[in-house]
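K.L.:
Be aware that the sequence shown starts at 1, since it is given in the UniProt record's numbering, and climbs by one per residue.
Be careful, since some hints might not be right.
Stated by the list, open to error - Pairwise CB distance ranges, derived in the manner of DEER restraints:
hint, residue 1, residue 2, range
1, 120, 168, 23 to 33 Å
2, 21, 110, 17 to 27 Å
3, 138, 66, 19 to 29 Å
4, 24, 184, 26 to 36 Å
5, 86, 168, 16 to 26 Å
6, 20, 63, 28 to 38 Å
7, 28, 106, 51 to 61 Å
8, 56, 142, 14 to 24 Å
9, 67, 33, 42 to 52 Å
10, 120, 65, 49 to 59 Å
11, 166, 24, 22 to 32 Å
12, 66, 23, 21 to 31 Å
13, 134, 187, 22 to 32 Å
Honestly, the hints are just simulated from the structure, not real lab data.
Just so you know, even glycine gets a beta-carbon here, dropped at the ideal spot from N, CA and C.
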Amino acid sequence: MFHDLRTTLTERYAQELTQMDRTQFEDFLTAEVTRLEAEIAQTQSQTELATIAAWRDQHGGNDPDVLTTQRLYQQARYSAEETVLATLWEGFSSPEDDDQPDDEPNPDAMTGMQRWLTQWAIEASRETERLTEQVWPKQTPRFQVWAEQLLEARLTDGMPVPDGPAHPLVPELTAMVDAALADQARADAERVRR
1 MFHDLRTTLT
11 ERYAQELTQM
21 DRTQFEDFLT
31 AEVTRLEAEI
41 AQTQSQTELA
51 TIAAWRDQHG
61 GNDPDVLTTQ
71 RLYQQARYSA
81 EETVLATLWE
91 GFSSPEDDDQ
101 PDDEPNPDAM
111 TGMQRWLTQW
121 AIEASRETER
131 LTEQVWPKQT
141 PRFQVWAEQL
151 LEARLTDGMP
161 VPDGPAHPLV
171 PELTAMVDAA
181 LADQARADAE
191 RVRR
């Protein structure tokens, strides 16, 4: 279920870092694995809190049992990995992509989930907007817009979506949207500092 970061990084950078010798490449991989692990851990800790809080809200304020807590932590870890690794591949172009005349990725060749956190996110339909309001009635409008696009991306890819606030997917998807919003807030703050 979880990713092998070293393998993922090797795939990601194998083409770009051919000028490095093997030792330099291994040192680079080790440093990047450490950096990504820290970023995943930070995202995971934010996601865990949101996931457990959402679970409590859906279960009358009760705490989850040990097995449920472990499952929620695993969901948070997986969600954090997906979020962090998605940024790793941003701007990547494989040698096959070099045939294209411009550097712009082709949104038509991307899945809905690959497009979700990009400028090519699929616009939500009215049905998806209504579903989002049904699933997350108490969330902010900003959260709901991001959640609408997430649900639309999942529907486009044929993935399951929740049908109400008590659906088991809600904590995981809530955590994904929270993590995406946190990333966006960090990026916005970074832009302001420059």
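K.L.:
Evaluate each hint against the coordinates.
P.N.:
Hints and how they fare:
no., hint, result
1, 120 / 168: 23 to 33 Å, "holds (29 Å)"
2, 21 / 110: 17 to 27 Å, "violated (34 Å)"
3, 138 / 66: 19 to 29 Å, "holds (28 Å)"
4, 24 / 184: 26 to 36 Å, "holds (34 Å)"
5, 86 / 168: 16 to 26 Å, "holds (23 Å)"
6, 20 / 63: 28 to 38 Å, "violated (49 Å)"
7, 28 / 106: 51 to 61 Å, "violated (29 Å)"
8, 56 / 142: 14 to 24 Å, "holds (23 Å)"
9, 67 / 33: 42 to 52 Å, "violated (30 Å)"
10, 120 / 65: 49 to 59 Å, "violated (41 Å)"
11, 166 / 24: 22 to 32 Å, "violated (52 Å)"
12, 66 / 23: 21 to 31 Å, "violated (45 Å)"
13, 134 / 187: 22 to 32 Å, "holds (30 Å)"
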